[in-house]
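Asks: Sequence:
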Amino acid sequence: MRAPKRITTLLLCVMVTMGLLSGCVKEKTREESLPDDAVKVTPENDVFPPMLHSSEWMQPVPMSGSVNTAGAEDSPFITPDGSRFFFFFTPDVDAPADEQLMDGVTGIWWCNKVDGVWGAPERIVLGKFPSLDDAPFAHGNTLWFASVRHGNYGDIDFYTAEYRDGKWMDWENAGKQLNQDYDVGELHIIGDGENMYCGRETGNGSRDLWVLHKTKEGWSEPLKLPPPVNTDEYKEDQPFITPRGDELWFTGESRLGYPGPAVFRCVKTGNGSWSEPEEVLSNFSGEPTLDGYGNLYFVHHFFDDNMSMVEADIYVAYRKSVTPVDSPRLPQRGFFMGVLPTPAEGQTFEEAYYQASEYAEFVPVWGQPTSFYNLPETLIGEWGQTFVETYSRGNGMFPIIHLSFIGEGLILETPPELEDATLSDPEWSSAYKQAACDVVKAVRPLYLSLGNEVNRWFEQYGMDEDNPNGFQHYVTLYGEIYDEIKKLSPETKVFCTFAREIVSENREADLSVLSLFNPEKIDLLVFTSYPYAVQGINMPSDIPDDYYSKAFDYMLGKPFGFTELGWPSLEFFGGEHGQVDFLKNVSSRLTVEQGINLHLLGWAWLHDLDENDAVGLIRRDGTEKIAYRVWKNMSQAG
1 MRAPKRITTL LLCVMVTMGL LSGCVKEKTR EESLPDDAVK VTPENDVFPP
51 MLHSSEWMQP VPMSGSVNTA GAEDSPFITP DGSRFFFFFT PDVDAPADEQ
101 LMDGVTGIWW CNKVDGVWGA PERIVLGKFP SLDDAPFAHG NTLWFASVRH
151 GNYGDIDFYT AEYRDGKWMD WENAGKQLNQ DYDVGELHII GDGENMYCGR
201 ETGNGSRDLW VLHKTKEGWS EPLKLPPPVN TDEYKEDQPF ITPRGDELWF
251 TGESRLGYPG PAVFRCVKTG NGSWSEPEEV LSNFSGEPTL DGYGNLYFVH
301 HFFDDNMSMV EADIYVAYRK SVTPVDSPRL PQRGFFMGVL PTPAEGQTFE
351 EAYYQASEYA EFVPVWGQPT SFYNLPETLI GEWGQTFVET YSRGNGMFPI
401 IHLSFIGEGL ILETPPELED ATLSDPEWSS AYKQAACDVV KAVRPLYLSL
451 GNEVNRWFEQ YGMDEDNPNG FQHYVTLYGE IYDEIKKLSP ETKVFCTFAR
501 EIVSENREAD LSVLSLFNPE KIDLLVFTSY PYAVQGINMP SDIPDDYYSK
551 AFDYMLGKPF GFTELGWPSL EFFGGEHGQV DFLKNVSSRL TVEQGINLHL
601 LGWAWLHDLD ENDAVGLIRR DGTEKIAYRV WKNMSQAG
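Mind the numbering: the sequence shown is residues 1 to 638 in the numbering used here, read in order.
Among the clues, some could well be false.
Derived DSBU-like pairs: lysine-lysine, alpha-carbon spacing no greater than 30 Å straight-line [said to hold, decoys possible]:
1. 521 / 486
2. 550 / 486
3. 558 / 521
Cβ-Cβ distance ranges computed for the label pairs, FRET-style [stated by the list, open to error]:
4. 226 / 611: 29 to 37 Å
5. 232 / 518: 51 to 59 Å
6. 570 / 622: 18 to 26 Å
7. 180 / 381: 53 to 61 Å
8. 519 / 29: 41 to 49 Å
9. 180 / 223: 53 to 61 Å
10. 334 / 164: 53 to 61 Å
11. 327 / 97: 37 to 45 Å
Read the hints as simulated data drawn from the structure, not as lab findings. All residues carry an ideal CB built from backbone N, CA and C; glycine is no exception.
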């Protein structure tokens with residue numbers, strides 16, 4: 001969090017010459033490099049402890065593990081998945097630059113989290129000759145960093161390095177455009193790498209935040225962010241953007257009267273602009289960086305009573321657990337009823353959702369439908385505000401949010417930058433996990449499905465250990481995501497949805513797939529079911545009594561649910577009375593009378609989709625079928 005400073009080219013040359021003449025730089029551990037009189041400041045004797053002004057986070061504490069020492073840890077950056085942490089270290093905040101250059105420890109360090117524990121930090125060597133490296137930022141396997149070294153365009157240039165085969169290599173200057181023409185300061189690149197935010201000097205000697213856009217030639221001219229982000233009165237610097245691009249964090253001077261730098265947050269509004277900066281942390285706090293779970297990491301400088309800096313540590317303010325928005329009361333009937341509110345001919349979605357809400361408590365949500373990697377943004381945006389907040393929750397229905405990794409044609413759904421990924425690809429797994437966590441933070445659901453009809457993938461790809469798309473990779477990932485969601489939102493009910501039938505093959509699904517999952521990480525056993533698709537089942541009476549209860553041979557005693565149920569009102573399947581019989585059977589003979597704890601009863605959709613569809617409870621023209629009258633009676637009886 002050092003203020004940007006310019007070191008002359010002459011000084012740089014002198015230091016490099018000293019390095020070359022003095023032989024090899026001495027290698028030490030960070031602890032060995034600390035001055036004899038180094039003092040480790042603790043929260044108990046901190047004169048100016050970090051001051052938190054938001055109720056969204058717990059009180060800041062020093063980062064766990066062995067990152068912090070009696071030296072100065074600074075310039076933190078954590079990857080979105082929370083698994084890699086980068087920081088700057090120097091043993092003595094008062095040491096001159098030439099001593100830092102040759103001490104063998106000053107520079108960029110990093111550590112990895114394994115099984116929830118941070119490993120020992122390691123120094124990242126980023127050149128053959130001595131240099132002063134700082135301000136690390138990782139975008140995928142590319143590390144951006146600021147450096148004072150021979151060959152710079154200016155005094156401090158940005159460089160990049162690539163991570164391959166367990167090493168950081170191929171370091172190179174980021175180019176004349178960024179380092180000389182634009183003279184960018186500490187930076188943050190978001191999303192697919194198309195937008196760069198940075199701090200940069202203005203004409204009056206202050207600093208403001210700017211944005212650059214990727215072009216064929218490199219980067220566009222920096223655009224200064226408009227008010228209220230930038231101000232004439234204060235400096236704004238060291239930006240950080242959350243993975244979804246919906247929050248902008250930065251370091252600035254306290255506007256609440258506290259000494260030293262402070263941490264600010266701006267939130268993107270509905271029209272795409274940034275909100276007024278909110279001072280979140282004060283008292284010598286800065287350089288915010290957040291993981292995908294919303295935990296806030298920052299550097300805190302320790303000052304004594306004489307306002308002299310003693311050392312610096314990395315602190316973290318953990319995000320408080322997310323509490324689901326929805327808290328429905330279980331109806332007297334013992335289970336919740338739900339339906340997808342497809343509109344009738346000439347009916348608006350608003351009208352359809354209101355109509356559905358009269359006799360239903362929940363709505364399935366897939367987005368528009370939306371690919372998993374875009375679902376958080378969709379849910380937090382205009383579509384989500386309309387369909388989830390207004391049409392669903394506004395009408396008293398809770399959403400059941402569905403993610404899906406299965407694309408059209410039973411191929412893996414992948415973000416554009418991971419087009420050739422497989423189910424075993426760590427980057428793809430990280431993206432899917434991140435999307436699930438972001439969905440929870442976006443809409444705070446009570447029910448979350450981490451995959452729809454996942455056993456279709458099992459039946460297509462099997463469990464061959466040599467198959468990168470083998471279903472075992474999903475089972476492992478599901479367990480990991482379950483744990484992360486429970487940390488983030490302990491009350492959210494997490495599950496994945498299974499298909500009771502393989503409709504395309506007119507047969508029952510192989511229920512042995514259930515044995516692959518840890519029952520302790522399945523909060524509900526949930527199915528989609530269209531039994532009329534099975535060869536030999538033409539009437540509801542053809543469905544065996546144990547058609548659903550046999551699932552408990554693999555997963556005993558779980559609350560049971562349906563997110564999609566369907567039986568057509570076609571004459572071949574018994575007409576409207578056949579549809580009625582199925583609705584009655586599935587809520588009694590086939591479930592409750594088998595000892596099943598029925599929790600969710602969701603019909604596929606409200607109105608027939610078109611003139612060729614007959615699964616809806618109401619015809620396209622708005623005519624109610626007999627089954628809808630039964631549906632209403634079931635609802636009202638509860």
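Asks: Against the earlier hints, flag every one the structure doesn't satisfy and list their numbers going up.
Replies: Numbers 4, 7, 9, 11 - these are the hints that the structure violates, sorted from lowest upward.
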